[in-house]
Amino acid sequence: MQDFETLKRNIESTRDLESVVRTMKTLAAVSIRQYEQAVDSLEDYSNTVYCGLEMVLSKTRAHSTLPDAPAAGTIGMILFGSDQGMCGQFNEQLETYAAEYFVDSELNNRNQAWMVAGSRMLGKTLDSGNVVDFDFSLPGSATGIAPLVSEMLAKIDQWRHQRRLSEIYIFYNQRETASTYKPHVVQLLPVDPTKFHRKQESPNASRSLPLYTMNRETLLSRLIQQYLFVSLFRACAESLAGENASRIASMQAAERNIKERLLNLQAEFNQRRQTAITEELLDVVTGFEALKETE
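Following my numbering, the numbering of the sequence shown begins with 2 at its first residue and continues without gaps.
Accuracy of the hints is not assured; some may be wrong.
Straight-line Cα separation of at most 30 Å, DSBU-like style, residue types lysine-lysine; simulated pairs [unchecked claim]: (1) K260 <-> K293; (2) K183 <-> K196; (3) K9 <-> K26.
If you're looking for bench data, these hints aren't it; they were derived computationally from the structure.
Generate coordinates for the entire structure from the input sequences, incorporating the hints supplied.
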């Protein structure tokens, strides 16, 4: 059995750990908010890019794709995981989801090329036997998302030509509530022009028709580049928010375990103290009885 001093130290260290867990929960909640704000700040720019693509692609035939890609080529898989731990099965669930996504489709037999953001996800992907062509470290705050996405876009252009990619998909965990998330997938390339035709049925808010003066192919290329930027930025920000949601769930579970541990230690301490007091009282009574007998 533990002595009093050991029990006291254990209780103090458990309370310190409880304080650390509570602080980590707070930091995770603050991080979620900043990544939500990053996504919200992107919406106006995203709408502008979508409107531009709607205008340029208004006469593009249905069932065509942009940019042109080799038929039945390699599938590009971009996974956003985590750099840090204490986020439960965040990386494992997403890697499994991505690996099984094409199992029941005609794309199942196609080769896959992998690009990974997050050192923890990189380790999980390599452990599963996949070859990762490019890997990136995740930013520690929302201000680092744009530089990361710019770096990824430069590599994606190189990646497409080297590996002859016909499609590229983004896999990431999307936050649902304060402490839950679910795997999500977005097709990054090729771009489906019909995706930008849906708004044409809605009335135009302006009396003027949208026009452009620069070369159509140049404008389209730049708009698609911005569309890719927006898609990757949103995926990264939502993944980071999902990571912190997972971390909150892990901290909540840890907090429950710590409270249970603290209750057990406190109960043991009280029991030991009561036993010690009882023993001391018995010693006093025994001594008193012995003195009475000698008298």
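A quick look at each hint next to the structure:
For the given pair, K260 sits about 49 Å from K293 by alpha-carbon distance, which is inconsistent with the 30 Å threshold. Taking the CA atoms of K183 and K196, the gap is about 24 Å. The hint holds against a cut of 30 Å. A distance of roughly 26 Å separates the Cα atoms of K9 and K26; the hinted pair therefore holds under the 30 Å criterion.
Violated hints amount to a single one, hint 1; each of the other numbered hints is respected by the structure.
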